[in-house]
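Work the whole structure out from these sequences, hints included.
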Amino acid sequence: SAYVVISRHHRIRLPPPRTSDTVRLAPRAANVLPGIPPEFTALLCVFADYLGLSMVTPALPFYLADLGVAEPELWVGAILSAQFAAVVVGNIVWGSVADRYGVKIALLSTISGDTVFFALSAAASTPALLVAVRFLVGSFSPLVPALTNIFAVLPPADTAKGLGRYSLAVCGGYVIGSSVVGPVYESLSWLGTCLFTAAFAGSALVYTAWAPAPRRDAGPHPKPEGVTAALRTPLFVVHAGGQFMVGFGFNVGFAILAVALPGEFGWTVRQVSFGFLAVALVLAACFLYVAPWAVRVCGNERLALIGNLLLLPSSVLLATPLRTLSGVLYVALACAHFVAITALHIPNQVRGRIIGDRYTTNGTGAVAGTGRTFFALGQATSPAASLGLYARVGRAAPWYVFAIMSLCLFALHVVLGVWRLGWIAGGCMEAPPEEQDSYAHGGGPPSGDGATRGAGVTLAANGEEAASVTVEEGKQRGEAVQAPV
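In our numbering, the protein residues as written are 228 to 712.
Hints in this document: simulated from the structure, not taken from any laboratory. It is possible that part of the hints are untrue.
As the list claims (entries may be wrong) - Computed beta-carbon distance windows for the label pairs: (1) V433 with A355: 28 to 38 Å; (2) W520 with A292: 27 to 37 Å; (3) Y328 with P540: 41 to 51 Å; (4) A305 with V543: 25 to 35 Å.
Positions of the beta carbon are idealized from the N, C-alpha and C atoms, including for glycine.
So, in structure tokens, the structure goes:
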């Protein structure tokens with residue numbers, strides 16, 4: 228259905244047109260296999276990527292020790308820093324490739340790079356070679372093409388649910404890889420571990436090549452327009468800050484948990500693994516059920532604000548003496564921290580789609596890629612910064628710093644006026660379109676696709692995607708623009 232905008236607060240619903248040149252604005256899913264989500268190709272690629280990363284990373288200290296490298300801890304830091312630095316660059320490149328040449332081409336290219344360089348990691352016999360090879364691994368990260376794939380095959384109403392499954396695939400690859408790396412490395416050594424990860428990435432490559440491309444890929448791919456203007460909007464500035472916070476928050480939680488459980492509470496390896504399993508189960512429940520439900524109930528922007536504010540008490544609790552009572556309580560407080568992170572993470576990723584669809588032409592991948600760059604920056608800086616504070620300043624210091632960061636992010640919402648989106652009618656997806664544009668641009672009109680075409684995409688109050696046309700345009704054209712749900 229469609230609307231004709233009469234005034235600021237009045238719109239008339241029109242019946243769907245029956246013309247042959249109906250403009251369809253909502254994406255449609257590619258049929259792959261019955262019973263699996265339409266974005267399964269994206270989920271498989273990110274799972275394979277994180278399985279390889281999580282299996283190789285814990286094995287690095289042991290492999291460097293086998294090579295007789297002096298100070299292996301420094302080399303582990305250099306290798307991981309090189310890998311995340313490449314992810315920062317790759318996120319921007321592959322998002323643009325997905326926009327320009329299609330989602331399937333971008334996914335095939337990135338998962339092919341994973342397969343090749345996971346295998347070449349087995350042949351790297353010096354630390355310098357490992358730095359070079361793992362840099363190339365990071366540069367072929369499929370995370371942004373996978374996000375673009377989700378945006379291409381799912382309608383707006385299902386985006387939060389798809390992003391929950393995406394985050395679950397990332398988390399699942401991390402947890403499963405960390406769980407199996409011990410027996411795999413003991414049985415197959417470094418060579419077998421790297422080839423195992425390459426074989427799994429290769430299977431994802433075969434499936435990606437076989438699966439049909441999203442229907443969006445079938446049409447022409449014009450050059451993205453409006454991306455620079457979209458990246459200058461206050462809404463994107465807040466989105467980028469949220470991405471950095473989420474990347475930093477995930478890694479500070481995992482890093483401190485891995486050090487604190489054996490160091491402060493004397494937990495064994497088996498007990499630590501159960502602690503991480505508890506965190507993984509909580510994250511799975513949040514990604515699959517809690518966060519998508521909360522988006523529907525609260526609205527996207529309102530939930531992002533709630534998640535931002537929840538980070539303050541969850542961080543302070545982890546910094547207080549309460550955390551020292553028992554390891555089980557510490558794990559429970561860490562789970563609360565990850566719940567707050569998820570409450571910010573899912574709606575903040577939806578922002579990437581909102582910004583790309585509203586303010587660009589064919590530029591959603593570039594917007595999502597730039598946002599993921601800030602996520603990767605948070606991931607890259609978190610382990611060294613948080614563990615340095617933990618060891619040199621005090622065990623509570625990383626959590627106090629993270630609490631201050633959460634306050635700074637909320638202040639950014641307030642200063643830029645984006646916080647008002649969360650309290651107009653529940654967020655970007657529910658607010659009147661004129662108010663959305665005014666707040667997201669700091670009072671100015673949208674500068675992307677919606678401003679230049681004369682028929683901008685609007686998310687209506689009931690979650691449907693509608694096309695906004697003026698009364699004059701409706702009279703001149705004698706037809707409406709259809710936007711199927």
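Going down the list of hints, with the structure as the test:
1. Taking the beta carbon of each, V433 and A355 are about 33 Å apart, inside 28 to 38 Å as hinted.
2. Evaluation of the 27 to 37 Å hint for W520 and A292 yields a failure: the beta carbon distance comes to about 47 Å.
3. Y328 and P540 have their C-beta atoms about 45 Å apart, which keeps the hinted 41 to 51 Å range intact.
4. Checking the proposed 25 to 35 Å range against A305 and V543 shows it holds: the Cβ atoms sit about 34 Å from each other.
Consistency note: the structure conflicts with earlier hint 2 alone.
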